[in-house]
Amino acid sequence: DAGVIQSPRHEVTEMGQEVTLRCKPISGHNSLFWYRQTMMRGLELLIYFNNNVPIDDSGMPEDRFSAKMPNASFSTLKIQPSEPRDSAVYFCASSRVGYTEAFFGQGTRLTVV
Amino acid sequence: AQKITQTQPGMFVQEKEAVTLDCTYDTSDPSYGLFWYKQPSSGEMIFLIYQGSYDQQNATEGRYSLNFQKARKSANLVISASQLGDSAMYFCAMREVGYSTLTFGKGTMLLVSP
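Residue numbers (my numbering), protein chains in the order written: chain F, 1 to 113; chain C, 1 to 114.
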């Protein structure tokens, strides 16, 4: 299995631009998570999907952030417009439903200048 | 209230020694899972070990073991025979059946010296 695949690995963009982060979960996994990691705030859950349905998006910072999961093998996290404070590493993770372990992608390091 | 508490911001250990990283958790759900992840300086999050709330025995994976004390709500990670490659940030995490997202502690930085 290829594991969770995220793209791009690195993204540098100018303030105000739209940014789209992509994630392909492990085949057969029903749960998908988007996390953001910064030095100041640590690992923050942004949104959580079960069977392609958003279950908890209370961690999404504001309306500039949106996430979709159109099918079981693909999810996107979009920031529009981006701001310098959005600079962080964004992780996608997937698991089977329940309380089993989640596996993480390599992360996307986003820099907004 | 924090659901996962890691009280050690940093730990130092000499190569080949054992080290224990502390983790306490808070839940009223009878069914939950406890996890440890390793994040080396390269940044990836690596799953290490899992303990289910109903498991009778402590989980082990190679040099990693989880010291699960349910009554005390603690799930400490024990690394035996530390290696230089064990230097990393270690995160404790929990999933509850009633709210099955993965909640992380703030992490412990482990440095292994020669």
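It should be emphasised that the hints constitute simulated quantities derived from the structure, not laboratory data.
Values in this document were obtained by computation on a predicted structure and should not be read as measured data.
Virtual Cβ for every residue (Gly too), placed ideally from N, Cα, C.
One or more of the hints may lead you astray.
[Stated by the list, open to error] Each pair of labels, with its calculated beta carbon distance range:
no.: 1; chain 1: F; residue 1: M39; chain 2: C; residue 2: V78; range: 22 to 32 Å
no.: 2; chain 1: C; residue 1: T5; chain 2: F; residue 2: M39; range: 33 to 43 Å
no.: 3; chain 1: C; residue 1: Q14; chain 2: F; residue 2: M40; range: 44 to 54 Å
no.: 4; chain 1: C; residue 1: R72; chain 2: F; residue 2: N50; range: 23 to 33 Å
no.: 5; chain 1: F; residue 1: G16; chain 2: C; residue 2: K73; range: 28 to 38 Å
no.: 6; chain 1: C; residue 1: T5; chain 2: F; residue 2: Q17; range: 12 to 22 Å
no.: 7; chain 1: F; residue 1: D56; chain 2: C; residue 2: R63; range: 32 to 42 Å
no.: 8; chain 1: C; residue 1: E15; chain 2: F; residue 2: F74; range: 35 to 45 Å
[What the hints assert, rightly or not] Quick look at which bits of chain F chain C covers, simulated, 3 or more residues with Cβ under 8 Å:
no.: 9; segment: 36–50
no.: 10; segment: 84–98
no.: 11; segment: 103–109
Here's how the hints hold up against the structure:
1. M39/F x V78/C: 22 to 32 Å: 28 Å, holds
2. T5/C x M39/F: 33 to 43 Å: 19 Å, violated
3. Q14/C x M40/F: 44 to 54 Å: 31 Å, violated
4. R72/C x N50/F: 23 to 33 Å: 31 Å, holds
5. G16/F x K73/C: 28 to 38 Å: 46 Å, violated
6. T5/C x Q17/F: 12 to 22 Å: 39 Å, violated
7. D56/F x R63/C: 32 to 42 Å: 35 Å, holds
8. E15/C x F74/F: 35 to 45 Å: 43 Å, holds
9. 36–50: Since 5 is at least three, the answer is holds.
10. 84–98: holds (count 6)
11. 103–109: With 5 residues close enough to chain C, the hint holds.
Hint compliance for this structure: hints 2, 3, 5, 6 are not met, and every other hint is.
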